[in-house]
Amino acid sequence: QQPVQSPQAVILREGEDAVINCSSSKALYSVHWYRQKHGEAPVFLMILLKGGEQKGHEKISASFNEKKQQSSLYLTASQLSYSGTYFCGTSRSNDYKLSFGAGTTVTVRA
Amino acid sequence: SAVISQKPSRDICQRGTSLTIQCQVDSQVTMMFWYRQQPGQSLTLIATANQGSEATYESGFVIDKFPISRPNLTFSTLTVSNMSPEDSSIYLCSAGRAGETQYFGPGTRLLVL
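Sequence lines, in order, name chains B and G. Heads up: the first sequence begins at 312 in the numbering used here, then just goes up one per residue. Heads up: the second sequence begins at 1148 in the numbering used here, then just goes up one per residue.
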């Protein structure tokens, strides 16, 4: 079942902050966050596992509320390079078969 | 992380024909998956490519239409069979190791006329 992402789109000025939310009606094992720029492949940002473990590759933080089956991605002090569409992918077991949300388009302006 | 390449990067095909897309990973991985992404839309999982056994398909996708092979831990192919214009999409391969996330290939942009 596809997770629900919000907001659908957000426009920021450089240096501003934003939060993207991802929620599921089913119990989750993991939440994966990706950013995709136009015409490119999705790029991995962060994985959050049931039990609280987080693994990321960039200076972007995220949280995972297991009770509510919700995850949030925090974009702080945004840069122009943060522009793109952010997708959350969720899995219900360690097979990591992902269902993706509809995406959140982030536009950062100078 | 894993570096993934796909061939072809794009193609234009006639309806009724088939196209095979190749996915190569630079190191051995546990998991390989195939996704479809319509322009401007989200990603939809087609199937899990299992090494040494038949692929596992998601609801709405069948083996006759999307046969998949995975002969080893670094390579997989997806065939789009008997194509129609509705098959026009971006097809993405992803791969990863157990306990880690998935990394995506650059995608294959398919247009069916």
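Heads up, a few of these hints could be off.
Now the stretches of chain G that chain B is said to cover, found in silico as 3 or more residues with beta-carbon under 8 Å [stated by the list, open to error]:
no., stretch
1, 1212-1222
2, 1237-1250
Below, a list of computed lysine-lysine pairs in the DSSO-like style, where the Cα atoms sit at most 27 Å apart [as the list claims (entries may be wrong)]:
no., chain 1, residue 1, chain 2, residue 2
3, G, K1212, G, K1154
4, B, K378, G, K1154
5, B, K408, B, K337
6, B, K348, B, K378
7, G, K1212, B, K361
8, B, K378, B, K408
9, B, K378, B, K361
10, B, K378, G, K1212
11, B, K379, B, K408
In short, the hints are calculated from the structure, not lab data. As the structure is a prediction and not an experimental result, all values here were calculated from the model. C-beta atoms are modelled at their ideal positions from N, C-alpha and C, and glycine is treated no differently.
Status of each hint after checking the structure:
1. Interface restraint, the stretch 1212-1222 of chain G with chain B: violated (0 residues with C-beta to C-beta distance below 8 Å; minimum three).
2. Figure legend: the stretch 1237-1250 of chain G, annotated as covered by chain B; annotation consistent (8 residues with Cβ-Cβ distances under 8 Å, at least 3 required).
3. Restraint check for K1212/G and K1154/G: satisfied, since their Cα atoms lie roughly 19 Å apart, inside the 27 Å limit.
4. Of the supplied pair hints, the one linking K378/B and K1154/G is violated, its CA atoms being roughly 42 Å apart against a limit of 27 Å.
5. The suggested pairing of K408/B with K337/B holds, with an alpha-carbon distance near 14 Å, which does not exceed 27 Å.
6. Distance hint between K348/B and K378/B is unfulfilled; the C-alpha atoms sit about 32 Å from each other, more than 27 Å.
7. Distance check on the hinted pair: K1212/G and K361/B sit about 35 Å apart at the alpha-carbon level, beyond 27 Å; violated.
8. For the given pair, K378/B sits about 21 Å from K408/B by alpha-carbon distance, which is consistent with the 27 Å threshold.
9. Between K378/B and K361/B, the direct Cα distance comes to roughly 10 Å. Compliance with the 27 Å bound is thereby established for this hinted pair.
10. Simply put, K378/B and K1212/G have alpha-carbon atoms about 40 Å apart, too far for the 27 Å limit, and the pair is violated.
11. At roughly 21 Å between alpha-carbon atoms, K379/B and K408/B fall within 27 Å of each other, so this suggested pair holds.
The structure does not agree with the numbered hints 1, 4, 6, 7 and 10 stated previously, though it agrees with the rest.
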